[in-house]
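Residue numbers (the numbering used here), protein chains in the order written: chain A, 1 to 115; chain B, 1 to 110.
These are calculated hints, taken from the structure and not from any lab test.
Do not take every clue at face value.
Computed beta-carbon distance windows for the label pairs [stated by the list, open to error]:
no., chain 1, residue 1, chain 2, residue 2, range
1, A, A38, B, N59, 22 to 30 Å
2, B, F96, A, S7, 21 to 29 Å
3, B, S14, A, T14, 39 to 47 Å
4, A, T20, B, T70, 28 to 36 Å
5, B, F96, A, N71, 18 to 26 Å
6, B, N59, A, Q17, 36 to 44 Å
7, A, T30, B, R67, 32 to 40 Å
8, A, L115, B, E8, 26 to 34 Å
9, A, K13, B, P10, 27 to 35 Å
10, A, E82, B, E69, 37 to 45 Å
11, A, E84, B, T5, 45 to 53 Å
Beta carbons: idealized from backbone N, C-alpha and C, even for Gly.
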Amino acid sequence: EAGVTQSPTHLIKTRGQQVTLRCSPISGHTSVYWYQQALGLGLQFLLWYDEGEERNRGNFPPRFSGRQFPNYSSELNVNALELEDSALYLCASSLGTGEGIGELFFGEGSRLTVL
Amino acid sequence: GNSVTQMEGPVTLSEEAFLTINCTYTATGYPSLFWYVQYPGEGLQLLLKATKADDKGSNKGFEATYRKETTSFHLEKGSVQVSDSAVYFCAFEGGFKTIFGAGTRLFVKA
Numbered sequence: 001e002a003g004v005t006q007s008p009t010h011l012i013k014t015r016g017q018q019v020t021l022r023c024s025p026i027s028g029h030t031s032v033y034w035y036q037q038a039l040g041l042g043l044q045f046l047l048w049y050d051e052g053e054e055r056n057r058g059n060f061p062p063r064f065s066g067r068q069f070p071n072y073s074s075e076l077n078v079n080a081l082e083l084e085d086s087a088l089y090l091c092a093s094s095l096g097t098g099e100g101i102g103e104l105f106f107g108e109g110s111r112l113t114v115l
Numbered sequence: 001g002n003s004v005t006q007m008e009g010p011v012t013l014s015e016e017a018f019l020t021i022n023c024t025y026t027a028t029g030y031p032s033l034f035w036y037v038q039y040p041g042e043g044l045q046l047l048l049k050a051t052k053a054d055d056k057g058s059n060k061g062f063e064a065t066y067r068k069e070t071t072s073f074h075l076e077k078g079s080v081q082v083s084d085s086a087v088y089f090c091a092f093e094g095g096f097k098t099i100f101g102a103g104t105r106l107f108v109k110a
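Sequences and hints are given; from them, build the entire structure.
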């Protein structure tokens, strides 16, 4: 069974540009989560999508946005890139249960460098 | 607000040493608690979890007990191996998201 896949694995952008990151969850998982892992700062929650809807959003500016498609894959878009957006962006999926999120299954991430 | 505090790293141990990585949390109610591990060059993966007070999660020789009195979930292993070298993240579910600590890097020397 394929795990969570993310693309691209690495990319370099310049300030002011826009970027789109992609994520395919594990088959059967309807929830997708996005996290930012900046150097030394741990994982910061960005967005949660479930069944095509945005369910929760972290403390990030509106230039961070995304969507989930009918096949449950997801995109994260970042507009007007700033230097501090340089980070590893992690996508995770879960089955979700009636009692909570449960175990998260992570991809290997997309490393974004903003110059 | 909801948060996780875990001991700062890096932690450097010799093989077969005892490991403790401290984790405390601030949350409403009694959330599910997790330890995730990130091996070099890999994504995060669940190491163990506990869903209610006094539960003990265990996996690969690692253990952690859900202590609601002290809001803690410390990770322990009796004898670490070089292959345990990784970054360990404490986490809990709260506010419709999973909240992670900053991570503790462990180096195990042969």
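The hints, checked one at a time:
1. For the pair A/A38 and B/N59, the beta carbons lie near 28 Å from each other, so the given range of 22 to 30 Å is met.
2. Here the CB-CB span from B/F96 to A/S7 is close to 27 Å, well matched to the stated 21 to 29 Å.
3. As the Cβ distance of B/S14 to A/T14 is approximately 46 Å, the hint placing it in 39 to 47 Å holds.
4. Hint check: A/T20 to B/T70, Cβ distance near 44 Å, so the stated range 28 to 36 Å is violated.
5. A hinted range of 18 to 26 Å holds for the C-beta pair B/F96 and A/N71, which are about 23 Å apart.
6. At about 42 Å, the beta-carbon gap between B/N59 and A/Q17 stays in the expected band of 36 to 44 Å.
7. Evaluation of the 32 to 40 Å hint for A/T30 and B/R67 yields a pass: the beta carbon distance comes to about 33 Å.
8. For the pair A/L115 and B/E8, the beta carbons lie near 30 Å from each other, so the given range of 26 to 34 Å is met.
9. The hint said 27 to 35 Å for the Cβ distance between A/K13 and B/P10, and at roughly 31 Å that hint holds.
10. A hinted range of 37 to 45 Å holds for the C-beta pair A/E82 and B/E69, which are about 43 Å apart.
11. The hinted range of 45 to 53 Å is not satisfied by A/E84 and B/T5, whose Cβ atoms lie roughly 23 Å apart.
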